[in-house]
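Asker: Next come the chains, spelled out residue by residue.
Protein chains: 2
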Amino acid sequence: MSEQYKYILDESKLPKAWYNINADMPVAPAPVLHPQTKEPVTPDFLSVLFPMSLIMQEISTERYIEIPEPVREVYKLWRPTPFFRAHRLEKALDTPAHIYYKYEGVSPVGSHKPNTAVAQAFYNKEAGTHALTTETGAGQWGSALAMACNFFGMDLEVYMVKVSYNQKPYRRMVIESYGAEVYASPTDRTNYGRSVLAQDPDSPGSLGIAISEAVEVAATSGGTKKYSLGSVLNHVLLHQTVIGEEVLLQLEMAGEYPDMVIACTGGGSNFGGFAFPFLRKNFTEGKQTKIIAAEPAASPSLTRGKYAFDYGDTAQMAPIVKMHTLGHTFVPPTIHAGGLRYHGMSPQVSALVEHGFVEARSVNQLATFEAALTFARTEGIIPAPEPTHAIRVAIDEALKCKETGEAKVIVFNLCGHGHFDMAAYDAYLKGQLVDYEYPAEEIEEAMSHLPEVAF
Amino acid sequence: MSEQYKYILDESKLPKAWYNINADMPVAPAPVLHPQTKEPVTPDFLSVLFPMSLIMQEISTERYIEIPEPVREVYKLWRPTPFFRAHRLEKALDTPAHIYYKYEGVSPVGSHKPNTAVAQAFYNKEAGTHALTTETGAGQWGSALAMACNFFGMDLEVYMVKVSYNQKPYRRMVIESYGAEVYASPTDRTNYGRSVLAQDPDSPGSLGIAISEAVEVAATSGGTKKYSLGSVLNHVLLHQTVIGEEVLLQLEMAGEYPDMVIACTGGGSNFGGFAFPFLRKNFTEGKQTKIIAAEPAASPSLTRGKYAFDYGDTAQMAPIVKMHTLGHTFVPPTIHAGGLRYHGMSPQVSALVEHGFVEARSVNQLATFEAALTFARTEGIIPAPEPTHAIRVAIDEALKCKETGEAKVIVFNLCGHGHFDMAAYDAYLKGQLVDYEYPAEEIEEAMSHLPEVAF
Chain W
378 MSEQYKYILD ESKLPKAWYN INADMPVAPA PVLHPQTKEP VTPDFLSVLF PMSLIMQEIS
438 TERYIEIPEP VREVYKLWRP TPFFRAHRLE KALDTPAHIY YKYEGVSPVG SHKPNTAVAQ
498 AFYNKEAGTH ALTTETGAGQ WGSALAMACN FFGMDLEVYM VKVSYNQKPY RRMVIESYGA
558 EVYASPTDRT NYGRSVLAQD PDSPGSLGIA ISEAVEVAAT SGGTKKYSLG SVLNHVLLHQ
618 TVIGEEVLLQ LEMAGEYPDM VIACTGGGSN FGGFAFPFLR KNFTEGKQTK IIAAEPAASP
678 SLTRGKYAFD YGDTAQMAPI VKMHTLGHTF VPPTIHAGGL RYHGMSPQVS ALVEHGFVEA
738 RSVNQLATFE AALTFARTEG IIPAPEPTHA IRVAIDEALK CKETGEAKVI VFNLCGHGHF
798 DMAAYDAYLK GQLVDYEYPA EEIEEAMSHL PEVAF
Chain D
378 MSEQYKYILD ESKLPKAWYN INADMPVAPA PVLHPQTKEP VTPDFLSVLF PMSLIMQEIS
438 TERYIEIPEP VREVYKLWRP TPFFRAHRLE KALDTPAHIY YKYEGVSPVG SHKPNTAVAQ
498 AFYNKEAGTH ALTTETGAGQ WGSALAMACN FFGMDLEVYM VKVSYNQKPY RRMVIESYGA
558 EVYASPTDRT NYGRSVLAQD PDSPGSLGIA ISEAVEVAAT SGGTKKYSLG SVLNHVLLHQ
618 TVIGEEVLLQ LEMAGEYPDM VIACTGGGSN FGGFAFPFLR KNFTEGKQTK IIAAEPAASP
678 SLTRGKYAFD YGDTAQMAPI VKMHTLGHTF VPPTIHAGGL RYHGMSPQVS ALVEHGFVEA
738 RSVNQLATFE AALTFARTEG IIPAPEPTHA IRVAIDEALK CKETGEAKVI VFNLCGHGHF
798 DMAAYDAYLK GQLVDYEYPA EEIEEAMSHL PEVAF
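For the record, the sequence lines run as chains W and D.
Per our numbering, numbering through the first sequence is continuous, rising by one, with the last residue being 832.
Per our numbering, numbering through the second sequence is continuous, rising by one, with the last residue being 832.
I should point out that these hints are in silico values taken from the structure, not numbers from a laboratory.
Fair warning: there could be bad hints in the mix.
Any copy will do: because identical chains look the same in the list, a pair fits if it lies in one copy or spans two.
[Stated by the list, open to error] When the alpha-carbon atoms are kept at most 27 Å apart in a straight line, the in silico DSSO-like pairs for lysine-lysine are as follows:
#1 Lys502 x Lys383
#2 Lys383 x Lys453
#3 Lys390 x Lys468
#4 Lys502 x Lys545
#5 Lys468 x Lys502
#6 Lys468 x Lys667
Produce the complete structure using the sequences and hints provided.
Answerer: As structure tokens, this is what we get:
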């Protein structure tokens, strides 16, 4: 029997609007606080870093926000992305479950990140911004924003965590191929970078340091440069909802509706972009899809962190937001191969987990790579380390179905390919990866540094 | 105005047959000769290395050969592949030309190679083969065959040129992730490998040595292992024609027919797979599409080689075929970043060039990387070094149209993404790449080693 593997949307079906979950959030948002005064920030404070159009999206409660035509024209270079029925994986697992996955790895940089990078570049260009700054860890976000800035004729400075800059040069090269500048952070280009180097000239850097450098450059540029963030914030998750909106259309083509929707979470943009349109259906149409956020056991903000006000960065320069956090002083273990290493979490995702609308699960890395190889050897695609967390949970649920005999519909997001991450697979195959549980006393200690606020 | 960027075929439009150009070749094929006797080989001789079904495809003159359903089921994991109108590139070039490209980089290994890897694995499995051997240079072919063998439950030994094994480990890791074994060639696993190591323990290896090792393992396995080749042979090009057949359908969707079809050539499988269906139209329907094979100036078999009988490998173990060759002793310069380094060329492609049905052009590597960055910065996708040769020719032709004002339809094949090849871009951006012209006297010298045959 000939089976259908892919559900492909015509370009004309590319969504015309992003979905803003603020319109349907069952809980009121917590205020965003100034890092020094600890009072709610005004749009003016944020406007040093972001164009007003993005700040307005951050606080908008409109349900749908139109995707500007120039953004859609760029999206068309790879969107709509394909949606697959995982027949071969189902057979290998011998499960009655129907497993589907959305594949964002077909974007030119191999991940979902351009969905918001292109939008942010567009709105900045529209606002007259000539240059952006950003940070990047292994380079996934930096390469997406480099491509986007190039499309809109803007300069970009990327502060890349030094240890990644040196050890994972491929994405650095991608960033440079699109014409952006990359600096190994900490640099001597910023006050904060110089202060770090003064204390430790051999500092390997961290995402926290890189954020602070990128923010400082934008904040002290006299308005010529703005700052761009690749996750966590509401407008970032908003732009990613183009993923979930496409999946809703593709599930219609397949004639199914999911019992379970699964996505991995680091800062929350992949999860929000994939799951929020399904939450809308849960909230407004009485659907009862189980929504699962899969995070690494080595960086377990949702499952072991506290839902509290905390700084967005290590240097306490970013606003204070209410979120699941491991503490802004948290340093993720370097033994972990994946990229889901942020100490905090999107405030929207955090609130949804806190109030029971989303279930959070943590997964150990050895189990994720085992699942990743099962996936690669059946479906062909080698996943990036991040979505392997979603694959692990999806396989676990499919195996439960095998026991119960239930033909549940399980849908997950494969947010990127692993072609830049083969060293992690190599380490796994050589038995060099280990699992890591962050010690409870260290989390406890980090929690003692949370800011005291009146909200 | 909203423009259409992609022409996407539904899975149901996946071609059901490959196109065999032997049916329409305007010139008779030259015989394939035994490397020792120099007499025409029989199918029995080849059956040590290949299953009879593939040997029969090699010599078939049937116009269409049905794609077996199990092969189509695997193809569906990524096929049909997308076909793009390069609106953004056209605008950047300010050309009236209509530029289209087929994109094979969406396959799980990022290139067109699985089209034949899957077919070869299937036919071998069907014939009772338990294991395959092959060689690979930078790993593109090895990773494709590793994926394919895994799908059909067969073992695979890959002999990977040692210098690539050490310097370009990512594709080696991809091969291992699919469960195949990879050896840095020359190895001590074969007589030929041991003889090379005895002469030079630090030999960096070469594709010629790796071919000889893979062939030796299969030939001496007592029938338990067969050998698989990723280019050059007729059946390999046959399997790749699924690309061109899809493009014909996609051009219909776009309502255009090409004035020019361009593909890069190393051994010829990418070129044949893309261009042969258009040659059918030229031969049988009176179309007059110009068909251009783009090859590197540093390995110019079509443009500077001789159309003559030569060995397929350096060790003179492979059959002698009539082709454009730089001589089986030719060693391609290591300065060239691309993978198009074979001394010979597909006999079918060679005959078509020799008799004027295909135009061959050579391109310098600095010009290809310049074109690649123009492409990446407009269309988003970073191309593998091989298809940059086709892009260079396509851009040159589009710029000619700008001068003449002609709105020619130019179609090329983007046979893979460059995510595994970023080091080449890095070298280009740092000014470390140079152009290389193979000295005429060295080609002359290599020609003096061609075998003397009676045909």
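Asker: List, from low to high, the hint numbers that the structure doesn't satisfy.
Answerer: 4
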